[in-house]
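If you read the protein sequences in the order shown, they are chains A and B.
Quick note on my numbering: the first sequence kicks off at 1 and runs consecutively.
Quick note on my numbering: the second sequence kicks off at 1 and runs consecutively.
Hints should not be assumed to be uniformly reliable.
To be verified - Computed list of chain A residues with no C-beta within reach of chain B, every gap over 10 Å: (1) 17; (2) 38; (3) 68; (4) 78; (5) 95; (6) 149; (7) 159; (8) 207; (9) 233.
Stated by the list, open to error - Just a few of them, taken from the derived set where beta-carbon distance is under 7 Å, the chain A residues facing chain B: (10) 88; (11) 103; (12) 229.
I should point out that these hints are in silico values taken from the structure, not numbers from a laboratory.
Here a beta-carbon is modelled for each residue, glycine too, at the ideal position from N, C-alpha and C.
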Amino acid sequence: MPAIQVEDLHKSYGPVHAVQGISFSVDAGEVFGLLGPNGAGKTTTVEILEGYRHRDSGHVKVLGEDPQSGGRRLKQRMGLVLQECAVLPYLSVSEIIDLYRGYYANPLPTADVIELVGLAEKSDVRVRKLSGGLQRRLDLALALVGDPELVFLDEPTTGFDPSARRNAWEIVRSMKGLGKTVLLTTHYMDEAQNLADRVCVIAGGRVVRTGTPDSLRAERAATRIRFVRPEGVEVTGLGEVISAAGDPVVEIVTETPTPALHTLTAWALDHGIELERLEVSQPSLEDVYLELTRDE
Amino acid sequence: MSDLAITVGQIRAEQRSFWRNPSAAFFGFSFPIMFLLIFGTIFNHETACIDGTFNGRGQCVGGTLTPYNTFFVPAMAAWGVITTCLVNLTLTLTVRRDSGLLKRMRGTPLPVAAFVVGVVASSLITAAVLVVLTAVVGHLLYSSPWPVYPLPAVVTVLLGGTVFCVVGMALTVVIPNSDAAPAIVNVSYLPLIFISGFFFSFSNTVLNDIAKVFPILGFKEMMLTAFGAKPSSNGWDVHDLPVLLLWGAGALVVTLRWFRWEARRA
């Protein structure tokens with residue numbers, strides 16, 4: 001049974017048709033990335049799954065239950081990280097985790113949760129004294145303390161510095177390692193690429209593409225070869241060359257990078273040229289994402 | 001954990017949050033205690049004319065003459081209950097609604113009832129502490145008498161406090177955001193404190209009639225009666241109970257129907 005099933009979901013706010021027939025399903029144990037620009041309907045979709053909003057039409061099952069009527073029993077099995085971190089500011093980290101533990105039937109030990117998110121040294125510090133990044137980690141801890149089967153992470157690393165993001169990624173990976181299903185929404189394509197087993201790109205309230213990050217990238221199979229145009233040498237005979245006039249960077253887009261690279265390097269050796277800043281790259285998930293959501 | 005244990009945990013968390021927040025504790029307590037010290041000192045050897053007014057020759061007409069602080073201490077105790085249960089609770093809830101705390105809480109299995117009981121019970125505990133502090137300060141500094149009818153005093157504080165908590169929750173419905181909350185709360189209740197005779201009684205038919213519509217006047221009268229400042233046979237003031245209960249019931253209906261757990265979308 002899938003952990004999440006969404007079929008033909010619709011939701012309007014007055015005249016705004018925010019979600020216009022979204023369908024996807026998330027397998028148990030999967031990290032699923034929901035991607036899309038602001039206003040695409042991501043948050044509305046997630047909030048329907050979390051039980052905050054009622055759908056207009058469509059079928060939704062979360063852990064086999066309808067989130068509209070699942071109530072407390074369903075909430076026992078879910079953990080949420082919302083966009084705002086909001087907990088009682090005058091309680092300490094361990095006090096707030098202890099408080100939340102009490103809400104769940106089978107919670108994890110406080111010390112384990114604190115350790116998992118790397119707040120061991122801050123366990124007696126009051127929440128209001130924590131930096132934004134550390135508060136976000138506490139948020140993760142509170143999502144995990146009930147030992148949920150399913151975790152919703154709504155933009156969990158927004159505002160993180162690069163090392164804090166890497167730490168958060170490790171935590172998400174360890175959630176997956178514990179067999180938890182994770183629904184992740186994010187603006188960062190590298191985050192989706194690194195964490196998600198599958199992603200669903202939505203735009204304008206509709207699903208544009210669903211698949212593994214690699215399968216999405218494969219849609220734009222062409223490899224890019226780039227180098228700086230050598231001075232005083234005409235670049236000819238290298239196949240499809242894309243380069244703006246005056247732009248010092250030459251870009252070759254090719255479906256067959258091995259012979260193209262062979263031709264290029266042979267040409268460079270013939271002319272006795274060192275190819276400055278030579279790089280061969282695959283299209284990133286971000287390139288594909290930008291293409292898919294360009295009209296929004 | 002049982003729902004009872006969860007509720008106890010909520011009360012403890014609310015109490016910790018209150019006492020550790022210096023500005024909440026200070027503002028909640030400073031108003032009634034500060035005015036008790038100022039007016040209590042100024043009018044320490046004066047008299048109050050409860051339920052009546054002084055005429056031009058200083059005679060209490062239509063009321064009961066008592067030492068000023070016998071009247072003023074229970075009045076300030078009543079104000080303390082109102083600041084704690086109505087003002088502080090309203091401000092706290094609107095801040096939490098704006099910060100997303102209420103929304104996050106709704107995403108956990110915490111029963112709504114346990115949360116609400118936690119908030120209300122914690123407010124009642126704080127209110128009770130403030131009432132005791134007011135009575136002790138009044139007794140030590142101004143020799144005001146201890147409450148003559150302890151049981152009615154306790155019941156009045158708990159019942160009135162609960163009503164003002166519910167009125168506070170209902171008030172959050174009309175407060176757009178936490179920035180606007182202090183102004184709206186103060187404008188809605190402070191004038192009523194003055195026209196309900198918390199400092200001295202006066203005779204103005206229009207203002208007296210307006211005050212009678214709201215629960216603040218009746219609650220003060222109940223406190224005066226329970227403290228023995230107002231003559232009664234047993235300390236129970238049932239005359240003022242209906243207005244208080246009606247407000248509680250009305251506020252409960254508004255709260256159940258329109259209370260918002262999330263900030264309005266910008």
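| said: I'd like to know which numbered hints this structure contradicts. Please list them from smallest to largest. | reply: The structure breaks hints 4, 5 and 12; every other hint is satisfied.
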